[in-house]
Amino acid sequence: MDKGAFLANIAARLGREPGSAPAPRDAIGAPAFWADRKTTQEERTATFCARFQALAGEIVQCADEDAVRECLDRALRDLAPGSAGAWGRQAPWPVDVEDVLERWSVRRFGESDVLDIEVGITGASFGVADTGTLVVETGGAAGRTVHQIPLVHLVILRESQIVQSLGDALAQLRGAARDARMPAYVHFISGPSRSSDIENDQTIGVHGPARVICLLLRDRTADVTKTAGDLA
Amino acid sequence: MSAQSSVRHRANIALRDDFLRGAVHFTTDRLRNRKQAVTEDFGNWEAWRDRGEAIRRHTIEHLDFYLAQFADNLERLGAHVHFCANANEALAVVTDIVRDKAARRVVKSKSMVTEEVHLNHHLEQLGVQVIETDLGEYIVQLAHETPSHIIIPAIHKTREQIKALFEQDGGQNLTTETRDLVAFARRRLREMYLTADIGITGCNFGIAETGSIALFTNEGNADLVANLPKTHIVFMGMERVLPTLADLEVFAHLLPKSATGQNTITYLSMITGPRRPGDKDGAEEMHVIILDNGRSRQLGDPDFQAVLHCIRCGACLNVCPVYRQIGGHAYGSVYPGPIGAVLSPLLEGGEAYQDLPYASSLCGACYEACPVKIPLHDMLVKERQRFVAKTGGKTGEKAAFAAYRVTFADHRRYLRAIRIARRLQGAFARDGVIQAKIGPLAGWTGARDFPALGDVTFREWWIARKRGTKRG
Amino acid sequence: MKVSLFVTCIVDAVFPKVGIATTRLLEASGCEVDFPIGQTCCGQPAFNSGYADEARHVARTLLEAFADADAVVSPSGSCVGMIRHYYPALFAGDPALAEEARRLAEKTYELSQFLVRRLQKVDFGGRFPHRVTFHPSCHGSRLLGVREEPLELLRHVRDLELVDLPYARDCCGFGGTFSVKMSEISSAMAEEKAENVLGSGADVLVSTDMGCLMNIGGTLSRRGARVRVMHLAELLAEAAGLTEEVTA
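Protein chains in written order, with this note's numbering: chain F, 196 to 427; chain G, 51 to 522; chain W, 1285 to 1532.
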């Protein structure tokens, strides 16, 4: 059916002048009691970690950028994947991990095929405290498949990227959309892939990763010096 | 309507299926208990419901505007948008794409709209292999069945049955362990994603201001379906639009909390057009099929427009005491449970599902569970009224209510009728109850006693008491 | 306070004891009770089956019977739900009747709602030494929002042990004509409710609607279960010694 006729039928049924602007509305997005909350970075980080871990996501806290590289190095050693892949060099990495990726001969998106990798390494744009969600924007060297294909997803995130609500993350994406920069694919990831389709028995790693490990750079606080445990 | 095609007949089959009823009880209990826990933890649930309803109401009231905005944005991004009045138009669009791509294999993620237009059957007719990739849908497809629950399609299948189905599909040395079965499905379906020509997904919400498709999944299959094949087709009901990204936050809370009691969905995927210049993965071509199929008939109808507010969470199924007894297949329609009983006859418009609105005790649990406050219980009554207005009602029932109208409109006739009934019941009543399976009572007395009329009505007692008081 | 009793057709014809108990409780609360004789039925059987015209015709008896009442009280959450929730729309086609319907809807109360909310009367005295479980009627709790009131009244009865009913808020399967039209589904629902009543370990099942109690009670009695089924009004009146013979 023709678009014009389709929309005209809807407008006629609604008794509206076709194409006329909607009535102004007060209720946009989350209610004020939710959207107007004021939280500290420390609170946001704590909530994010608790929520993400409650969803079976794993968090490795890193005190500085060197610690992120060390943790990634240790993770690749402990996981010992047959093959690993990562975003390309031009991708928006929150922390420079090039030397680690090189040391482990990690395949780079855009240069080699990543469709059979066992471990995928990416950055993220946001962490969302309310839901324990990692927001991964893709495009260019930040390929979509890098984190969708493998069984283990290693994600690098800076604490300062953790926002309180989905609304906060969406607002920043919306700003990007206005400049026509919103990527074609944004993935909100809350823990490993899961299903309860077989007799309600909850299981992980159905189509997406079975493990999501967030290497969290505590760049807003100086007093946290936890390092990675055994990741195998 | 033949007896076999009636909801009552199908329900009676389901009522004898103990495994099905056990599975439905177990699953719905689990889902609604988790929902209760998560909403209590979240807090202010009624305020969120109010907000959800307000956004949906506003959107549907201005649907032409937001749909146009949504489509314009998608077209600007290079997607092809197809407006389809009915199932045939939507299937014709798919046929053209399949032929154009010379497609042999299609992978799909869960979409109720594709069930509504019987897409799989159509693709098979075209000689295309269709593979459902949602684990539950995959199981249901292997069994040549249809989903019995909006959210948990294979609610009615045992792990032994699933193992047997997977073995038929090439599984070897499988056990009935979930981990084992899931590992097989992962391997098997991974081959399919990588070799499919087209990926077909549904659309939980279309965001008008950006032209984004928001998909909610837990398994991650929709992402592989949308991104690995070269062509991505999106099926969406025309009502599934939200004005802004900000509005999506509300539904990112309402939907998973209502559907499965999860605080958040595992994967929320926002697809905004086909891959961009410079992107090295993702579908190169994107088609969005926007389907009417009976939906626009509800617009402007004060009784039923709100049914288009539905976000397909399935919460009404999980609390419905009728669904609990009979499961999803007994409804005989793509959409089961209370939303199905309301929606199916409305979308179909003919006589196919006209008995579904009667498969409800009107207890209102569906309305209470609905995250956007659709008054499903009131709609069921209104559909019954329309049925009676259109057909005059069923003969026996019509006569009964004609008699009711005359008898109960006057208290003297009413009391006379009670006195007559009191005399007539003498033959059947024992110890204050009736057990005989007689007339319209037969259904009741099959499993329950029916109380006999008392020797005295309240009004007779009242009049006597008043006289006594006066005398005294 | 002057109160007009809407006794409901089912209580009038089948369970007059419930009407008597209601009368006695209202009188014990200091109300002057009146029973307008012109009343018959709220129209719900026809309305819920889709026969709106028949429902309207019968419902007019209530508009007339209670036109002059200050407050209308009824021992049924379902029938009061019909009046409060559906009457204004049912009579929307006739402005004069719609106004009457709106006025009736505003002044009509379910018994426990009236006692607890309007009169603030929660204690009728007396004792009831039994294990009691409460089934909230769907229409009372969902259409009217009467949830706490019956429990509050029960909690004030001495020696009464209130036990939880598993899946209390699930419908018992009555649903008026649903129980006949879809009798197999209805029976399955009633069976599950009866199981839960037995599982509660209660000797007495109490509710605020005789439709539900007739359904659950009929299922329990067919099973030979020895659970006593009572309307809330009966229980409160019996505990307080406010009983009266049912004779004419």
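Take these hints with a grain of salt, some might be off.
27 angstroms max Cα-Cα, derived BS3-like pairs, lysine-lysine [what the hints assert, rightly or not]: (1) LYS1405(W) x LYS432(G); (2) LYS1391(W) x LYS516(G); (3) LYS444(G) x LYS432(G); (4) LYS444(G) x LYS1465(W); (5) LYS198(F) x LYS444(G).
Hints are computed from structural coordinates only; laboratory data are not their basis. None of the values given here were measured: they were computed from a predicted structure.
Status of the hints after comparison with the structure:
Proximity of LYS1405(W) to LYS432(G) is assessed by CA-CA distance (about 38 angstroms); at most 27 angstroms being required, the pair is judged violated. Taking the CA atoms of LYS1391(W) and LYS516(G), the gap is near 25 angstroms; set against the 27 angstroms cutoff, the hint holds. For the proposed pair LYS444(G) and LYS432(G), the alpha carbon gap of about 16 angstroms is at most 27 angstroms, so the pair holds. Restraint check for LYS444(G) and LYS1465(W): the C-alpha separation of about 11 angstroms stays at or below 27 angstroms, so the hint holds.
This hinted pair does not check out: LYS198(F) and LYS444(G) have alpha carbons roughly 42 angstroms apart, beyond 27 angstroms.
Consistency with the previously given hints fails for numbers 1, 5, ordered from lowest to highest.
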